[in-house]
Amino acid sequence: MIVSLAEMAPGQTGIVISLEGGHGMMRRLAAMGIRRGAAVTKTSSQPFRGPISVQVGNTEVALGFGLARRVMVEVPG
Amino acid sequence: MKRILLMGNPNVGKSVVFSRLTGVDVIVSNYPGTTVEFIKGRMKLSGEVAEVIDVPGTYTLGPTTPAEQVATDMMAEGDVIINVVDATNLERNLNLTLQLLNSGKPVVVALNMWDSAQHKGIEIALAKLEKRLGVPVVPTVAPSGEGIGQLVARLEEATTGSIQFDEERRWSVLGGIVEEVQTVTHRHHTLLERLADLSLKPETGIPLAIVAGLVAFALIRVIGEGLIGLVFNPLFDHLWLPVVSGLSAILQPETFWHELLVGRLIDGQIDWVESMGLLTTGLYVPLAMVLPYIFAFYLVLGLVEDIGYLPRLGVLVDTIMHRLGMHGLSIIPMLLGLGCNIPGVLATRILETQRQRFRAAILMSICVPCMAQLAVIVALLGPYGVRGLAPLFIMLAVLWVVLSLGFKYLLPGETPEMFTEIPPYRTPYLPAVAQKLWMRVRQFIREAVPFVLLGVGLVNILYVLNIIQVLGRWLEPVLTSVLGLPPEAVGALLIGFLRKDVAVGMLAPLGLSVKQLVVACVVLTVYFPCAATFAVLLREFGLRRMAKAALLMTVVALGVGGLLNLVL
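Quick mapping for you: the protein sequence lines, in order, are chains C and Y. The opening residue of the first sequence carries number 96 in our numbering; numbering runs sequentially from there. The opening residue of the second sequence carries number 8 in our numbering; numbering runs sequentially from there.
If you are wondering where the hints come from, they were derived from the structure by calculation, not from laboratory data. It cannot be assumed that every hint is accurate.
To be verified - Residues on chain C that point at chain Y, a partial pick, calculated with CB under 8 angstroms: (1) Met127; (2) Thr138; (3) Pro142; (4) Phe143; (5) Gly145; (6) Gly152; (7) Glu155; (8) Ala157; (9) Gly159; (10) Gly161; (11) Leu162.
On a predicted model such as this, the values are computed, not experimentally measured, just so you know. Built from N, CA and C at the ideal position, the CB exists for glycine as well.
Sequences and hints are given; from them, build the entire structure.
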C-alpha cells in the first residue's frame, strides 16, 4: 500500500518510493537520508497537522506536515 | 598562513574538535545550529602557525539554505579541510565527504563520536574506508581529546582523494562504500532512546515538557536563592560591609566621593540595593543579586542543551508556533534570551529567513526579560508573592501572543515548515557542561559588571547634574497620567537603556505600591532593549528595521503600561 509519511501510523516502517516536490526540496530530503529506496520508520506525529518525525538509518528527522505529505512510502498491508 | 577549515554536518562535534585544536573556548551544545557564525582560531602545525576556521554545519554543498551557501562560499578560502564525520551516521555524513572530495581540496576525515558508534554496535572498517576514499581517516572522541593528536599528525597527508564518480551516481557510490565498510549489530533500545521517543510523542511529550519546565524553574529558583542566602549575602554582610562602613566613616556622608562610592545612607545605614554607590549597590546588584541566578540559569540550560532536549521542544511547540506565524525552533532563541538577550538575538540565525529572524528577535527583546533583570524583579516583587509576580508574567505572555499575531498579519510571508534533524539524547559530559557554564558566567562578569558600575556611576552624575529631576518634571504628564508612576521613575527608565538590572533596582527606594512596581517592571522590560542588545540587533537587522522596531517598542510600552495601570 502506498501512503504519504503524513498518513503513516507511528511505529510503521516503509520504503520511500517517491518525493513529490521541487529539486531543492528533494536535495534537502536526500541529504538527510530521505530518498528513494530508503527505509523509514515513523516515530511520532503531533496533533492538528503538526510535524511528524521519522527514523532513517541512525538519524531522526522532524518534518512539517506539508512536507511529510509529499513523501510517498510503500508500507506492508 | 595555512588555512584549515573544519567542515561537516551540523551537530557532529566540529566545535569540540575546534576547541581541542586551537584551545579557543566556544559554546557547544547538542543541537544542530549551535555555531551560527564561523569562528577563527590558531594552531601550531609543524612549527608554523595555521589558522583554523570552524565553519557552521552543512548537510550538502549545494546552496539549499543560506547557511549552506555561506559554508560553500567559505570553502574557496581554505587550504585544507578537516571533515568531521559522525561515525554513528556514516551514510549521511559521507555524502558531504564525497562532495568535499569532488571539490578538489585536500581533505582529512575525523571520524568523530567513535565511542558512541561502538556503543551503538556500529563497526567501521577503518583501513577499508581509508582506501576507498583515498584520504586519511582518523577516529576521534573530541570531548576527551582521543585521536586529536593523530588527526594533527596526519594533516600533512591530506589529499584530494582517489575516488572518482559522476555527481549523478553519488548516492549509489555512497551506498557501496557504506555497505563495504560498516557492519551494524542489532541491539536493544537503551533507556535514553526510550526517553527520547517518549519526549517526542505528544501524549507523553507534552506532560514531560511541562514537568521539565517546572523542574527547571524550581531548580533555578532553589540554586539561585540558595547561593544568595548561603553564600553571597553572608559574604557581603560579614566581609564587605565592615570595609565599606569604614570607608563611609572616613569619607563622611553627603560628600561627593561618599555619594559616588558608598552612596546615600538609608536611616544611617548602608543599604545594598538603595544606597546606589559604586562599592555598595554597584557591586551588590551584579554579584549578589544577579550572578547567582545567571549561574543557576546557565547550569540548567547547559544540561538541557547538552542532553539534546531543545529540538524536541521545538517540534512539540511547532503546531502552536505556526499558528502564531513562527517556526517551532523559534523557541530556542526565546529560551536563550531568558539568560541574556544577546545570545537570544544571535540564536535567531537558526531560522531560515531574515523575516523570521527579525520577528523572533524583536519579539524576544520586547517580551523576554533577561535573567539579570528577572533576578532584580524577583527580589523586588517576590515578597508580594503571586500578587506581585503573576500580573507581570501573565502580561508578558499575553503580549508575546498578541505581538506574534500582530506580526503575522503586519509582516506577512511564508513561515518555512519544520525540517530538522533531531539529535539523539546524550548523557551530558560534565567537564564540558562545567566549561560552558564557566564561559557564560565569565562573560557576564567581564561584560555586564563594568556596565552595571557605569550605570550606577551615571545615576549619581545624573542626579548631581539635576538631569533626572528636570526630565522627571518634563515627562511627568505621561508618567503620572498614563502609567501612574511618580516623576522620579524617569531615572530608572533612563538607566534602563544601559542596564535593566540597575534600572529595576532604582525603583526600590521610590516607595512604590505593588501596582506601580508591576507597571514599572513591565514597562522596563518592554520599552527598549539594553544598549548592548540594541547594538547587536542593529548589526543584525540594520537601522531602518530597528527604527521601526524602536517605535513599536515605545508604543507597546505605553500601551501595556497604561493598560496595567487601568486594570490592576
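Hints, one by one, checked against the model:
1. Met127: Holds, because the Cβ-Cβ distance from Met127/C to chain Y comes to roughly 6 angstroms (cut-off 8 angstroms).
2. Thr138: The hint holds - Thr138/C has a Cβ within 8 angstroms of chain Y, the shortest such distance being about 6 angstroms.
3. Pro142: holds, 6 angstroms
4. Phe143: holds, 5 angstroms
5. Gly145: At 3 angstroms from the nearest chain Y Cβ, Gly145/C passes the 8 angstroms test, so the hint holds.
6. Gly152: Cβ of Gly152/C sits 6 angstroms from chain Y, so the hint holds.
7. Glu155: It holds, given that the least Cβ distance between Glu155/C and chain Y is near 4 angstroms, below 8 angstroms.
8. Ala157: holds, 5 angstroms
9. Gly159: Constraint on Gly159/C satisfied, holds at 3 angstroms.
10. Gly161: holds, 5 angstroms
11. Leu162: holds, 5 angstroms
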